[in-house]
Amino acid sequence: MRKKECIAMLLAGGQGSRLGCLTRNIAKPAVSFGGKYRIIDFSLSNCTHSNIDTVGVLTQYKPFVLNSYIGMGSAWDLNCLNGGVHILPPYMGEEEGSWYKGTANAVFQNLAFINFYNPEYILILSGDHIYQMDYYEMLTFHKEKNAEVTISAIQVPWEEASRFGVMLVDDSGRIKEFVEKPLYPPSNLASMGIYIFNWEVLKTALIEDEVDPHSDHDFGKNVLPRLLKQGKRLYAFLFQGYWRDVGTIESYYKANMEVLQEKRTAKFFEQKRRIFSNEEILAPQYIGEKAKIHNSIIGNGCTILGEVYDSVISAGVYVGEGSIIRDSILLPNSEVQEGVRLRKTILGENARICSHCSIGDKTQEPFPPQEGITVIGDHLQIRAGTIIPEGRNVTQDLL
Amino acid sequence: MNSAIGIIFSNMNSGALQGLTQERPIAALPFGGRYRLLDFALSSMVNSVIHTVGVITPPHYRSLLDHLGAGKDWSLDRKSGGLFILPGVIHSLGQYNMRFSLKDLVLNREFLEKDFARQVIISSSDQVYNMDFHPLLKQQEETGADLTLVYKQSPEPLTGEDNLYLRLDGSGRVAAMAKTKTKPEPGVSWSYFCNIFVIRRELLLQILDSFGSIENLELTEVLAQYLSELRVWGYHFGGYIGRIGSVKDYFYNNMALLQEEIRGDLFKSTRPIRTKIRDNPPTRYGSKAQVKNSLISSGCVIEGVVENSILSRGVVVEEGCMVNNCVIMSKCLLGRNTVLENLILDKFVAVQEGSVLKGRPNQPMVISKKAVI
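Protein chains in written order, with the numbering used here: chain A, 1 to 399; chain B, 1 to 373.
Hints are not guaranteed to be accurate.
[As the list claims (entries may be wrong)] Simulated pairs of lysine-lysine, DSSO-like, Cα-Cα distance not exceeding 30 Å:
| # | chain 1 | residue 1 | chain 2 | residue 2 |
| --- | --- | --- | --- | --- |
| 1 | A | Lys292 | B | Lys114 |
| 2 | B | Lys114 | A | Lys290 |
| 3 | B | Lys347 | A | Lys272 |
| 4 | B | Lys347 | B | Lys358 |
| 5 | A | Lys203 | A | Lys181 |
| 6 | B | Lys347 | A | Lys290 |
| 7 | B | Lys288 | A | Lys292 |
| 8 | B | Lys288 | A | Lys290 |
| 9 | A | Lys254 | B | Lys288 |
| 10 | A | Lys272 | B | Lys288 |
| 11 | A | Lys176 | A | Lys232 |
| 12 | B | Lys72 | A | Lys4 |
| 13 | B | Lys114 | B | Lys276 |
| 14 | B | Lys369 | B | Lys288 |
| 15 | A | Lys3 | B | Lys79 |
| 16 | B | Lys79 | A | Lys290 |
| 17 | B | Lys79 | B | Lys276 |
[Said to hold, decoys possible] Covered stretches of chain A, going by a simulated chain B footprint (3 or more residues, C-beta under 8 Å):
| # | stretch |
| --- | --- |
| 18 | 33-39 |
| 19 | 280-291 |
| 20 | 295-309 |
Just so you know, these hints were derived from the structure itself, not from any lab. Glycine included, each C-beta is placed from N, C-alpha and C at the ideal position.
Chain B on its own, in the form it takes in the complex (with noise of 0.2 Å):
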């Protein structure tokens, strides 16, 4: 039997995306040629052994479960466990941004109470990463932790707001857990949490008993109220983690794969990032077509001139097309003697003969889904 099951908060939204979460919760938002944002924690757990996870949906979760069907391409189409989709609550407008609502899991109670496992592992899925959970249920094993939470380092503070960070102990107990932004010691940098933890199934479900009637509470801050009364680990994850929180944070995570360290670090052939399988075709590279420095997926077909860009599956480069510095999600067509620059193009938009579209280098200009130009 396992000893922990996975929880997957995918309902969070932002209006800091702009037109690419008007229609899909930010895990349902395409990533890096071939994935959505949910595949990297999905995969997380699938490949840390993790048989039972639950995804939380948002209202509006079409696209998200057009993704994952019966969870088949991640192997969780089981007869023990498997995919289990929660849905989230139905707020008022506004309250989208909310990243782990305790009302999400008082209204997926059942999930949590029919389950063996000792522990819950819980993600949110607006970030990028591929992390073995092992080391994290260990430690949290080992040391009779309630709560072991993942955090990282960083010499700066992040961008955007709703950051927590961590203060640890010599020992490595978490002793506070804040938004704040007043600066650590010197010479010490910043640690802030994942949004991963991993928390006693038991505590969980007490937590909900206790504060579930409560509207609009997040479950971190119940934690970071209650600390002192818990055993709070920190985990040092060393690995790649890219947040996208905004469209500049969604561009540089995305153009952060043409690294091949990063590209490494998540891509990682033993621990592959699963992804709904489409049966494309390999891509076509035409007699005319030149491509540098990009990240390009299957189905292509390239006549053109593209360089340091990612292009998601069955885009059409036609010829005489120059794409630099793009990222293009999936079926769009970019038609003859067309200029490219700077941009992110939401799926299915068709770019027509001769157009010129460029979005300054560091805040790319974003075309909505289906935009014929």
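Pulled out of the complex, with its shape left as it was, chain A reads as follows (with noise of 0.2 Å):
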């Protein structure tokens, strides 16, 4: 086996509860987004555009769709000789074996997979991420910098950075400090969850972190701050692009619309370092004759006969005639019949709103649950004229 310099271990297994009913069937790296992507489709384009061609997807939570989506990866190109996506899910040994406890077990579970490839490097990705990185400038920066670690950072708005891990550096770039989601942040530095290791360190850290019965075995909160405590060389590379967490219902509705900004579309789907999808094979959208739509995303093989305003309408899916859809998100196959009022709502994969529904209603209520937001399930139906104001979680049939 030809030595790698850089592989890709691809963090995929977490329930991604904080989605709510939208996880209830599939993994959030599953998740669609913007009209006609998977969450995880960013991550793994990025790894293409950055030539890193060996990448170990590690599932765990519900994750049929997203290994089939995945399949050997040649949607992204990474179906290569000598490399190539690998989905790695939890496995069982003669005396061990369990599932993945957190991050960092769920890569040190996978050093036999690693050390197949005997890269120099390793790089550490979320698959929750929205964002259009190169991680071979990462990479050249780690190794300009001759660090043991360097950790990917974005500066975000103070009152946000408690969400974060956040780190404290000095003019080299050099992190002093490191703190996993603090309650008072000493720096809006955050840690976007991309971590480039150089692979002897990484290997003694999981190995120490393993046997540290005190531990939740989590990059952020364990394994950094103890290498650095170690005085080990850490580094932040300071991203600037865009880059959004998905992991909320809130910031996952955020982020759609986002994709409604012109100069936000125009930059992810740039020609040269465009975002790849396994998508389905459909015909082209028909719109029709009474068709309205304004300041809108539409995905192929969509039927559109109602009016759409400010919304994200992924593949495959039907509006019938006479429906209003506003600033809402429907996600792939989904169905929305006649002389239904849709508002601020994400639709489920295969949901069907029945006719003349009213979703998504404004309320008396000063702050309704979830900014507002209601979510309804996959695979969900929704009988004729039900009513449903905003803010709620659909999560089961209303027939």
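Both chains are sitting in their own frames, so use the hints and assemble them into the complex.
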């Protein structure tokens, strides 16, 4: 086996419970995004564009859709000889074996996989971020600084800093302090959950972490602070582009709506670094005689007979005549029949809203739950004439 | 093992398509927003579990091979079988309107020799259809036919000169096949040959042996001549077929996709028409967009007015642009305050601010590739 310089380990095993009914049936990285993508497309496409051709995808929670979507990686040109995409679920050995207990433990359980490729560097990625990044630049930075660990970092608004791991750095970019989700953040330089490790350093750290009974086996909480304490050379690589964590309903909704902004779309969709996806084979979209569409994006295979304003409509969606869709996200193959009003709603994959429903109506509540976003889970059916006020999560059929 | 292999003749050309086929064979003509004509025959074969398909190429095959690649998008990048590129004859000028040139098969005899399949399905690629070949193959096997010709019935003869019509006897066997335009008996409709047929592989090889040395011979001419000595059956196809032999045909068949029924027939979700995947983003509609009764592909950006039109991938319609009754091929840029009516725009056309372009409703105007207006 030829030695690889750098391979990626993509953490895709989290349950994503904060995405509520969107992840009831599928893993978070498999949730669709932006009219045609699934969240994992962004990380996988970044790998391809950064010439990283070996990616281990660590899956565990409801992996079926994710696994079948990734397939052998050909949609991202990752079906190469000597490398490619590898789905890595937890497995049993002769005496050991367990579910992944944390991000660090997930990688630890796959030491054999990494040893097989015996890389110089390991890139650790999350499967739930929307961004375009050249990991090769980060690797170059890592080598230039002669770092042992490089953490990709981004400036976030101060009020949000406590949601992230934040760090203090010196002028050279070397990290002096790293705290995971601090109550009082000492800085607004947040970790993006993207790390490059020297493999030897990571291997030692993971083995140490594994035997520590007090560890949660998490990179941000345990591994990085320990390495810092040991005086290892940790550097922050400042990222300046667009980056969104879409781990909550609110942030997922917001990031989708940001795709509607022209500048953002243009950038995402730049031909040179375009995001690849494993798309279904569908006909072009048909826009009907009475349709009206303003400020929206619409995927392949849709039939739009009603009105769509400020919304993201994914592939294969049907919108019936007389229906009005506003500020909503319709996930693939969902169906909205005739005369439906849909406002600020995330409609799950293959869900069906029968005629004359009214979903996401404004209420008198000054602070409706979930910032007023209504979510209808995948595969659900809502009977004709149903009224659902804003901010609700629908997790079962309303027949 | 599969009982059939496929051959698609994609080297036909025609002067009747004006600039549209100047740099490409009819097979490579973009159609319906995201397809090329070849996709329909090829997808029909692949969806009928035919895993070995030979595509006969014209001399100028860049656009065709650009589209086909290694056949990945049709799942033809296979270990056993797959996509075979069969280089066609390079004729002298003016010979490219042959449909099933025998010489093309002679040149690629090996493709036919080395397979073990009993049957060969042959299709032209100047038409749009979505056909399941299973019942056709079943009929061929059950009747023990040498040859089964696919036909459709029409109350009127087709436009164009080189269409073949069939006369069937009561049992469904083909009694005659000719270009005749004499009206059949009253009340009987025209049975026209769909340029799709299945033939026994061994018989096809025999025909190549006997007639292969003759120049400019159409396979169908040989078949018509020896009809009485062969067991030839007809197979009626009930689905939609749109043949494209002229600019008018091209325009009409594109516009036909705006009818739900025809769209449903061609783009069945169980038998999708496959095409080259481009990984375009979804289409973006701006706040001034007004789109009605149109078929729009991915990667477009629409700020203007689009009605009764077909837009291919990556078309930009700027604010104040009015598009009506047009077929717009990929990556066209339609500038501000322009008016476009009854047009066919080939790829990469740029219509600059303020232009007004109108064709006649039943005589669409063709704007050639990369033109700047």
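Hint check:
1. The suggested pairing of A:Lys292 with B:Lys114 is violated, with an alpha-carbon distance near 56 Å, which exceeds 30 Å.
2. Between the alpha carbons of B:Lys114 and A:Lys290 the distance comes to roughly 56 Å, so the proposed pair goes past 30 Å and is violated.
3. Annotation: proposed proximity of B:Lys347 to A:Lys272 holds, straight-line Cα distance about 20 Å (limit 30 Å).
4. Pair hint B:Lys347 plus B:Lys358 holds up; C-alpha atoms about 18 Å apart against a cutoff of 30 Å.
5. Proximity of A:Lys203 to A:Lys181 is assessed by CA-CA distance (about 25 Å); at most 30 Å being required, the pair is judged to hold.
6. A hinted pair counts as satisfied when its Cα atoms are at most 30 Å apart, and B:Lys347 with A:Lys290 qualifies at roughly 29 Å.
7. Restraint check: the Cα-Cα separation between B:Lys288 and A:Lys292 comes to about 10 Å, which is no more than 30 Å; the hinted pair holds.
8. The straight-line distance between the Cα atoms of B:Lys288 and A:Lys290 is roughly 16 Å, inside the 30 Å bound, and the hint therefore holds.
9. Taking the CA atoms of A:Lys254 and B:Lys288, the gap is near 23 Å; set against the 30 Å cutoff, the hint holds.
10. For the proposed pair A:Lys272 and B:Lys288, the alpha carbon gap of about 28 Å is at most 30 Å, so the pair holds.
11. As the CA atoms of A:Lys176 and A:Lys232 are separated by approximately 10 Å, the hinted pair is consistent with the 30 Å bound.
12. Between B:Lys72 and A:Lys4, the direct Cα distance comes to roughly 27 Å. Compliance with the 30 Å bound is thereby established for this hinted pair.
13. A hinted pair counts as satisfied when its Cα atoms are at most 30 Å apart, and B:Lys114 with B:Lys276 qualifies at roughly 28 Å.
14. Between B:Lys369 and B:Lys288 the alpha-carbon distance is near 28 Å, which keeps this suggested pair within the 30 Å criterion.
15. For the hint pairing A:Lys3 with B:Lys79, the CA-to-CA distance comes to about 28 Å; that is within 30 Å, so the pair holds.
16. For the hint pairing B:Lys79 with A:Lys290, the CA-to-CA distance comes to about 49 Å; that exceeds 30 Å, so the pair is violated.
17. Pair hint B:Lys79 plus B:Lys276 holds up; C-alpha atoms about 20 Å apart against a cutoff of 30 Å.
18. For the stretch 33-39 of chain A, the proposed coverage by chain B is satisfied: 3 residues have a C-beta within less than 8 Å of a C-beta in that chain, meeting the threshold of three.
19. Counting residues of the stretch 280-291 of chain A whose CB lies closer than 8 Å to any CB of chain B gives 11, so the stated coverage by that chain holds, three being the minimum.
20. Given a C-beta distance limit of less than 8 Å, the hint that chain B covers the stretch 295-309 of chain A holds, as 7 residues qualify and 3 suffice.
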